[in-house]
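Using the sequences and the accompanying hints, generate a full structural model.
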Amino acid sequence: MLQEKKMGWHFEQKMVPYLFIAPFFIIFIIFFLGPAIFAFFVSFQNWNLLGAMKFIGFKNYVLLFQDKTFAQAVVNTLYYIVSGIVLQWPLSLLLATVLNQKNMPGKKFLTPIYFIPILTSSVVVAIVFVLFLDNKYGLFNAPLISLGLAPINWLGDTDLSKYAVILLLVWRYTGYNMILFLASMQNIPAELYEAAWVDGASKFDTWWNITIPMLRPAIAYVMILGIIGGSQIFDEPWILTNRGGPADSSLSVGNFLYRTSIMNIRMGYGSAIGTVLFVGIFIITIFQMRFFGLFSREEQNA
Amino acid sequence: MKILKFTGKGFGWALLYIILIGWAAFSLLPYLWSFTSSFKDLTQIFHYPPQFLPTNFNLLNYINLFTKVFFARWMINSLALAITTTILVVLFCSMAGYAFAKFNFPFKNTLFTFMLGSLMIPFQLIMTPLYIEMNQLKWLNSYWALVVPWIAPAFGIFLMRQFMLSLPTELLDAARMDGCSEFRIYWQVVLPLARPALGTLAIYEFMNSWNSFLWPLMVLRDLKLYTLPLGLATMLGDVQTGVVDYGQIMAGAFLAALPMVVLFLFMQRQFIAGLTLGSVKG
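So the protein lines, in turn, are chains A and B. Each residue of the first sequence is one higher than the one before, starting from 380 at the first, in our numbering. Each residue of the second sequence is one higher than the one before, starting from 1199 at the first, in our numbering.
Don't read these hints as lab results, they were simulated from the structure. Warning: the hint list may mix true and false statements.
Taking lysine-lysine and the BS3-like style, the derived pairs with C-alpha atoms no more than 25 Å apart in a straight line are [unchecked claim]: (1) A:393 / B:1336; (2) B:1336 / B:1266; (3) B:1336 / A:433; (4) B:1306 / A:393; (5) A:486 / A:582.
Stretch by stretch, here's where chain A covers chain B in the computed footprint (C-beta under 8 Å, at least three residues) [as the list claims (entries may be wrong)]: (6) 1258 to 1264; (7) 1341 to 1351.
All residues carry an ideal CB built from backbone N, CA and C; glycine is no exception.
The structure is reproduced here in structure tokens:
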């Protein structure tokens, strides 16, 4: 009896961890790994979901690299990613640095406000921005009109639509990046600053030589988030500029993929786009991790 | 720390304050504008120069929202989906995280690396084939597609594991000695101890689900099954056809944004923890 109970316990002990991790692996294999492998296979086919698949070799890839709309979408998406670095970063670093000062009046009150934009669905915010940026009635154009200047046609001009999307992205993510930087800054040991201060370093010196280097993991994280998130941008151009318009001038790769697979039901072509993006993002991510030394031995020991 | 101490004097500080307050005002502007606009009629919305406060205050936009479109239905759908997904995610992630943190079993490291590697698969790669799969399963236009594939995210498992590593192993062993079954240990010892981490993950998932747009847009066809972001996007399309007007959509936008902001104001610390989850190293 006792022995039986012990053996049962032993068996349970061995099986339990597998039972606990089973849901992940079942879901992952059925809904992620399976489809990922299937995507590679479908990318060599011509298929509209209704008829039979037709093997066409590399034709989808050849077409894709000649596709002007795809090229436009890639350029637009790069604009969105780079704008994150050029506009959001300096601003969020500046805000974080200021909020990190001791004894700042209003700090407790202001910090949560910067966080609010990330809480709201990008669809909801984009809808409000449609009204802000309207050519005739837009709030943002009102000062220009009252000064007798021509309003900026943010949403209707093929040269400006990208910047309308970028404005929305900056509005939504600057505060969030700021919180990430601020959290990281607060973990920098005060002794480092005290030592520098004893040595007579200036504010800017300590910021440049202590704060920024100590922020390296946070900067790497924000950058990886920015590239992965940026490459998947869908909602903002879809809503704000009415499906990436005008004339595809703000179309993101995500929008292009949706249009190809879901609206035009070109499964093979859509899968080829997905595969190319996967390879692209994979290479960039690996390169970045190398660059920032993440997951390296040195970092783990630190 | 005496350097970088706030002095409150000089031009530099004034400028910094202007930037700080300016950005805070810009962050809040869409909320304030959609709130005040939701009480305006169409002539005032398109009035030049723009007026911040409604002149003839009325609730017509809100009444229309609940009578002319399925707004209440969309809100309930979003809420039900977010709650269901969150509960399942927290359950499955904590189970797997616990197993990876506190058990030793053959192939553990291989399986763990495999799981982390899955984070490298971007949504675009599986978007097309997953849609095909949903079509084959007859899950298009159903909530199965919105919930089932997303209930065990690797990211959540990783975070749970990081937290569970710190749970005292002796306590679990003591419970085992007392003849507690493994599932009971998980349910009655591990879960209560992990409550802060569970809360953080729950907030993260709830928000993800509440705000998600692309996947529901791909899957759902029936207006009555729509979630809030989908419904609002449709309303914006209806603006062009004249079915809906801007006042109504501002009311909708404000109501859609409100629950998260209110929750945030009450649970700031948990929200910030939840949304900065990834930057573990800090």
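* **Unsatisfied constraints (hint numbers, rising)** => Numbers 1, 2 and 6, in rising order.
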